[in-house]
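Q: Chain by chain, the residues run as shown.
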Amino acid sequence: SQQGEEDPQALSIQEGENATMNCSYKTSINNLQWYRQNSGRGLVHLILIRSNEREKHSGRLRVTLDTSKKSSSLLITASRAADTASYFCATDARNFGNEKLTFGTGTRLTIIP
Amino acid sequence: ETGVTQSPTHLIKTRGQQVTLRCSSQSGHNTVSWYQQALGQGPQFIFQYYREEENGRGNFPPRFSGLQFPNYSSELNVNALELDDSALYLCASSLTPVFIAGGSTGELFFGEGSRLTVL
Numbered sequence: 001s002q003q004g005e006e007d008p009q010a011l012s013i014q015e016g017e018n019a020t021m022n023c024s025y026k027t028s029i030n031n032l033q034w035y036r037q038n039s040g041r042g043l044v045h046l047i048l049i050r051s052n053e054r055e056k057h058s059g060r061l062r063v064t065l066d067t068s069k070k071s072s073s074l075l076i077t078a079s080r081a082a083d084t085a086s087y088f089c090a091t092d093a094r095n096f097g098n099e100k101l102t103f104g105t106g107t108r109l110t111i112i113p
Numbered sequence: 001e002t003g004v005t006q007s008p009t010h011l012i013k014t015r016g017q018q019v020t021l022r023c024s025s026q027s028g029h030n031t032v033s034w035y036q037q038a039l040g041q042g043p044q045f046i047f048q049y050y051r052e053e054e055n056g057r058g059n060f061p062p063r064f065s066g067l068q069f070p071n072y073s074s075e076l077n078v079n080a081l082e083l084d085d086s087a088l089y090l091c092a093s094s095l096t097p098v099f100i101a102g103g104s105t106g107e108l109f110f111g112e113g114s115r116l117t118v119l
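Top to bottom, those sequences are chains A and B.
Here the working numbering is used: position 71 in the first sequence is 71, and no number is missing along the way.
Here the working numbering is used: position 16 in the second sequence is 16, and no number is missing along the way.
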């Protein structure tokens, strides 16, 4: 079963615009991570935010975490055609300790040149 | 380039057959996790190996089994293949500290996956 759900499922924007995708999850977490996947390939880690953090930046990426609402958002600023990919949030549920990351259903982002 | 390699990249099997998928971890990593990703879905956790022992398992039947070797490479074996086993199988390596405070999982480094088609 999926712990997280991304919203929207698919998003198309013009190059240069900002892209925002959201993730909701169900249980208390140690941390939340965002990954990117180009079509049919392996996942690449983007950013990790811990449960006691509210916001984190990495280059053009900005992640927020609201543990009271059990939600996170990923903002990609000044999008580029190369940002076209699927984006997944993954949670490390507190109950499970170090056992696993549980991935959401993903947002498919298309950047139109 | 994550330093995690998987083989084979693609394979086709028929129902009832058995398959072995292989994964070489990034140098220095002691933990390997396996995920199954069906088309259009997120990765689903199969199991994790830490220091050659299974350390957590998802909702998969016993015909999914694994091994981790002393060099931390790993195998995923699936017996009695079913049509629904068709998927991208992803291996991810990570470093679990000897002492885990709070049980937090860090970044996973994924291979490119093995795409299995069951006919």
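Worth flagging that the hints you see were computed from the coordinates, not collected in a lab.
C-beta: ideal position from N, C-alpha, C; glycine also.
Treat the hints with caution; some may be incorrect.
Among the chain A residues that face chain B by a calculated CB cut under 8 Å, a handful are [to be verified]: (1) 8; (2) 10; (3) 11; (4) 40; (5) 52; (6) 101; (7) 103.
Derived contacts from chain A toward chain B, CB cut-off under 8 Å, selection only [what the hints assert, rightly or not]: (8) 36; (9) 39; (10) 41; (11) 42; (12) 45; (13) 49; (14) 61; (15) 85; (16) 88; (17) 102; (18) 105; (19) 106.
Across the chosen pairs, the derived CB separations fall in these ranges [what the hints assert, rightly or not]: (20) A:110 - B:10: 24 to 32 Å; (21) B:62 - A:16: 45 to 53 Å; (22) B:57 - A:56: 28 to 36 Å.
Q: It remains to establish, for every hint, whether it holds in the given structure.
A: Here is how each hint holds up against the structure:
1. 8: 14 Å, violated
2. 10: 11 Å, violated
3. 11: 15 Å, violated
4. 40: 7 Å, holds
5. 52: 11 Å, violated
6. 101: Residue 101 of chain A check passes; min Cβ-Cβ to chain B is 6 Å, inside 8 Å.
7. 103: 4 Å, holds
8. 36: 11 Å, violated
9. 39: 11 Å, violated
10. 41: Nearest chain B Cβ about 5 Å off; hint holds.
11. 42: 4 Å, holds
12. 45: This interface hint holds because 5 Å falls under the 8 Å limit.
13. 49: 12 Å, violated
14. 61: 14 Å, violated
15. 85: Cβ of residue 85 of chain A sits 13 Å from chain B, so the hint is violated.
16. 88: Check passed: Cβ of residue 88 of chain A comes within 5 Å of chain B, closer than 8 Å.
17. 102: 6 Å, holds
18. 105: With a minimum Cβ separation of about 5 Å from chain B (threshold 8 Å), the hint on residue 105 of chain A holds.
19. 106: 5 Å, holds
20. A:110 - B:10: 24 to 32 Å: 25 Å, holds
21. B:62 - A:16: 45 to 53 Å: Check passed, 51 Å falls within 45 to 53 Å.
22. B:57 - A:56: 28 to 36 Å: 31 Å, holds
Hints 1, 2, 3, 5, 8, 9, 13, 14, 15 from the earlier list are contradicted by this structure; the remaining hints agree with it.
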